[in-house]
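Novice: Okay, here's what each chain looks like letter by letter:
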Amino acid sequence: MKKGLLSLFFMALVFGSTFAQEADKDTTLVIAENQDAEIAYNRGIENFKNKQLQQAISDFTEAIQHKADFSKAYFNRGSVYVELNRVSEAISDFDMAIQHDASFGNAYYSRGRAKQNSNDNEGALSDFDNAINNGFKEANVYYYRGVIKFQAGQYEDAKADFSLAISADRQHAYAYNDRGSANRKLEKYDDAISDYKMAISIDGKMAFTYNNLGSALRKKENYKEAIDQFTNAIKQKSDYYMAYNNRGSAKYDMKDYEGAIKDFEEAIKIKSDYAYAYNNIGTAKMKLKDYEGAIKAFDKAISIDSNYGYAYMNRGNAKEMLRDAKGACADWNKAAELNVNQASSFAEDCNF
Amino acid sequence: MKTLKNIAVFILTFLAINSFSQNVEFDKDNFKNDKDGFKKAMGNLKQGDEYYEMQSRGAYILALDFYLEANRFNPNSAKLNYKIGRCYEGSMQKSKCLEYFKKAQSLGTGEIDIKYYIARGHHLNLEFDEAMENYKAYKNVLSPKELQEKRKNIDKKIQECKNGKILVQNPVRVFIDNLGGTVNSIYPDYSPLISADESMMIFTSRRADTYGGGSDPGDQQYFEDIYVTYNIDGIWQTPKNMGKPLNTSNNDATVGLSPDGQQLFIFNGKEGGGNILMCELKGEEWSKPDDGTLKKYINTDYHESSASFSFDGKTMYFVSNRPDMSFGNHDIYYTKWDEEKERWGEPVNIGSTINTEYEEEGVLMHPDGRTIYFSSQGHNSMGGYDIFKSEMDDNGNWGTPINLGYPINTPDDDVFFVINASGKRGYYSSAQDGGNGSYDIYVITFLGPEKPLVQSNEDNLIASIANPISETVIEESVEIKTTRLTILKGTITDGFTGTPIGASIEIVDNEKNQVISVSSSNSSTGKYLVSLPSGKNYGIAVKATDYLFHSENFNIPAATNYQEIVKDIQLNKMKIGSSVILKNVFFDYAKATLRPESYPELDRLYKLMADFPKAKIKVTGHTDSRGSVTTNTRLSNDRAQAVVQYLIDKGIDKGRLQFEGMAAQKPIVPNAKTEDQHQQNRRVEFEIIE
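Taken in sequence, the protein lines are chains A and B.
Going by numbering that gives the first Met the number 0, the first sequence opens with residue 0, and the numbers climb by one from there.
Going by numbering that gives the first Met the number 0, the second sequence opens with residue 0, and the numbers climb by one from there.
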C-alpha cells in the first residue's frame, strides 16, 4: 500500500489528477523505495538552517511518524528543542534517539549538554562518558566534561579533560582558558598564566581571559602586569565591572589606595548594586585610616547583601579602630554566624 | 627662574644659620639695655645650676623650671641650651632634649660630648639613622683611652638603634589611653598593680594628700603614697589613699600584688639598701607591712625592688642586685615557699635566658603560671628598659624573651608593666605629652595582630559560562534515493485514421528476456503512461487487435534520473504494405548472429505469423551508410536471413518468408550524420506482402 501511495504521489506530481486512475494501474512499475521519512527529515534540516524552527520540528515529527525508529530525526528534533530552550522535550528526544541507536555518540553528547544546562551534572557526566565510549571524540565532549569536573572541584581531572580537548582541537581557546583556571585552583600559577596566554594568542578578544590572567598574575604578586591585563580586559569589554573591581584590588595590593577606590567606583558605575566593590572601597578606606568612610562603604555592601559575612567582619575591624568595641563585636559575631571563621576568632576577645 | 629661586633659598638659609649660630653668653655687657632682666635671669641660672649639679631626675626637673626661664631671656647661650638638653635627657620628657642640644651645637658649644647627646636626642625621637651617625661620629672625637672606656656603651646604643628601626617598622597594634583625670592627678602617678580580675588597682602617687603631707627634699615633691581604685562596670573610681599602716610619712611605693589582690608587696627604700615588705588584706584592713617571711633570703643588704607572686602564691619572683649567681646588675630571682619553715626559701637566679649583663627590673608573673613579663635593658631593647615577655615550655624552660614592641616600648625606660588575666589589657605609667602631668597611668589595649581585611573579587574562570556558545548541532541530511525513473507516455492511434487505440503495452526486460509488465492505453484517448526504472534495457511492444504490433527499445542507464519521454505511437492495420521495424532485434557486432535479447521480439513476429497463417512477409535488412556496399549488402542480407531462419526454425513455412539485404539503400534518416541517426538507419524490418 505504501508503495502505491508513493507512486500516487509521483503520478499526481507529474501528471495531475487526470491520470491518477490510469496511473494506479501502473503500481507494479514503480520500484522507488519509500522515502517519505527521509524527505521530511531533510526538509526539516533545511528549515532548521533557515531558522524556521517550528517548521523544522513539524518536519522531524513527520519523519518520525513515517519511520518510528528514525533516530536521527529524534536527534534533530531534540536539537531544535535545545535551540528553543525546551530542555525536557529535547532530553526526551535524545532518549528516543539513543533507544533506537544505542551507539549514537552525538545523541549522548547532546543529551549530556542538555542535562548540563539543566544542572544535572551527574547525568551529563555519564552521557559524556557514553558519547566518548561510542566513538564521539569531538574536543567539546572532553571540554564540557572538564567543566563539570572543575565545578565539582576535581581540578586535576578537569585539567586532564581540558588537555584532551586541546589534543582534539589545538585551537580550542576555551579549553586553554579553563585549563588555566584549573591550574590556578591547583595553585600552579605559572602554568595558569601560560594557559591563559595561549588562549589569548588564539582568540585575543576574550575579555574574561585577560581578566583571569590578571588575577593569576595577582596571585604571583606581579601586580603591575596584572593591572595591565585587567586594563586589556576592560578594553575588550568596556562594562566589565569585575575587571574594574579586580584592577582596584591590584592597585590596593600596590598600596595605591586612592587609585583602587577609583576603580571600585567605576565598577559601581556599571553595576550599582555591586556589593563586592563597596566592600573593597571600605578596605581601601581602612588603609587610608578613614574608618568612618570605610564603615559607610561596608554599610552599603551589607544593605545590598545582608548575608555578606566578610563585609560584617571588615566593618567590625573598622569599628574596633573607632573604639566601638560593642559594635565591632556585634559585627564579628554576625560574620561568624555567616561562617566567616576568622571573625569568630576575633569575637573571642569580646568577652574581655 | 628656578635657579634664581634656589639661590635665594640658599642665601636665606645661610643667613638664618649665621644668625642662629651667634652664641650669646650670660655677660652683663651683652644685656646693657635690660639690666633687671639680666639680673633675674642670672638668678634663675644660679638656682637651676644648684639642682643641675645634683644630677638626679627630680633635680633635673626642678632645674628645668629655672633654666627655661633664663632661656626665655637669652635663648642663644650655648651653655644653657646644653644644660636644658641634659635636664630633659635626664628626666621625663626626654625627647625634648634634641632641640636644645642641636641649638647648643649650632651656637658652638665646647662640650666634647655634644655629639653623644645629639645622638641621644635623635635616638629618643626614634630618628635611628641620625642617632647612629652621631654615635659613630662621637666615637671619632674620643681619645683612645676614652674610646676604650666608652666603646661598649656606645656600641650598645648603636645596637639599640638597629633594634629600634626593626621594632618601629613593625609596630604592635595597641590603643594606649590615659586612664583620665579620675585616676591620674597633676602629680606623678605610677607603678600600677592590678588584681587578676582587674577589679582593683593599687598604684603609687605623689599627690598632695600624702600621709603626713611631707615632701622629698631631693626633688621637692610630695612623698610617695599607695593609692587604691576599684573598677565598677568598667569605670575606675576615684582613688583613695590607703592610709595607715601601708602609708607612712615617708616614701611608700607599690611593687607587687598577688593575683587575688590579698597580698601586697611594697618597697621600702629606707631599709637595707631597699627592701621589700609584705602585707595582707584581712577583712577590709591591711596588715602592717613587714618582712618577716622575707628575711634571710629575700631582703639583703642589696637592692630588692620588685616582686610578684605565682598564681598559687607558692613561688615569688623578685628583682635584686645581689652578686650571688648574678649575670650582672639587677637580675630576676625566684624563691619557693617553705611550708615547714613558713618562710620563703633560698632564691635561685631565673637564668640567663631572662637575665642579662644589663639591668632587669619590674617582674610580673602572669596568673597563667607560665608567662613572665619583665623589663630589661638588654636583649633587643630599643633603648633603656624595654618590656619583654617569656613563656615557659612544658619542660619548665623559659623561651627567648620577646620585646612587646613599639609603641609600648620606646627608647626611654619602659618599666613596671602589669597585664590582666586575659592578656588583652595592660597598665603602665608614662610621661607623655597630653597627660595630666608628669607620670600618668595608661591602659594599653592589645588589638593583637592586624586583623585582615577581606576583599571580594570574582573572575570568569569557566569560559563557556562566561560566554556560552550555542552549538546546536544537527545530524546531516540523509541521501534521498531519488526515483530514477523514466516515464514513457504518449498516445496510441491508428496510423491511418488517427483514431485512438486501446492497445496493450508490453514491457520486456530484454536482458532477462522477461515481461515486466503489461498495461494498456486508454481506449478513448489512446493515452498511455509507463514507468521505466533506470538501469535496464527495455523492449516495448504495443499490440492491438487487428493491428500490427509496434516495437520500441529504450536503454535507460542506471544513473538516469527522472525523465519523461513522450512517444506517440501509430499502429498499422494488418494489410499488405504495412511494415514494422523490429527495434528489439539485436545482432553481434558486424555479424549476423542473433543475440538472445532479440527472442521476445522474434517470438512476437512468430506469433503474428501463427495468428495470421495466410500472411506472407518480407524481412529486409538495412545498414547505415558507413562501410563498403558489398560488406553492407552481405551483412544486411545475412541478418534478414537470420530472422527468417529463426521463424523457419520455429515452424513457419519457408514459403511464407522472403528476405533481402538492402544495405543502405532505404535509410530512415537520409544523409545520416549522428550516431543516433545511423542507429535508426541500421534495422531489420518486415513488410506484409500477401
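Don't read these hints as lab results, they were simulated from the structure.
Hints are supplied without guarantee of correctness; some may be wrong.
[Stated by the list, open to error] Selected chain A positions facing chain B (Cβ under 10 angstroms, derived; list incomplete):
hint	residue
1	Arg183
2	Lys219
3	Asn221
4	Tyr222
5	Tyr275
Here the structure is a predicted model, which is why all the values come from computation and not from measurement.
Note that the Cβ used here is the ideal one computed from N, Cα and C, for glycine as well.
Novice: If you test the structure against every hint from before, which numbers come out violated?
Specialist: Checked against the structure, the hints that fail are numbers 2, 3, 4, while the rest are satisfied.
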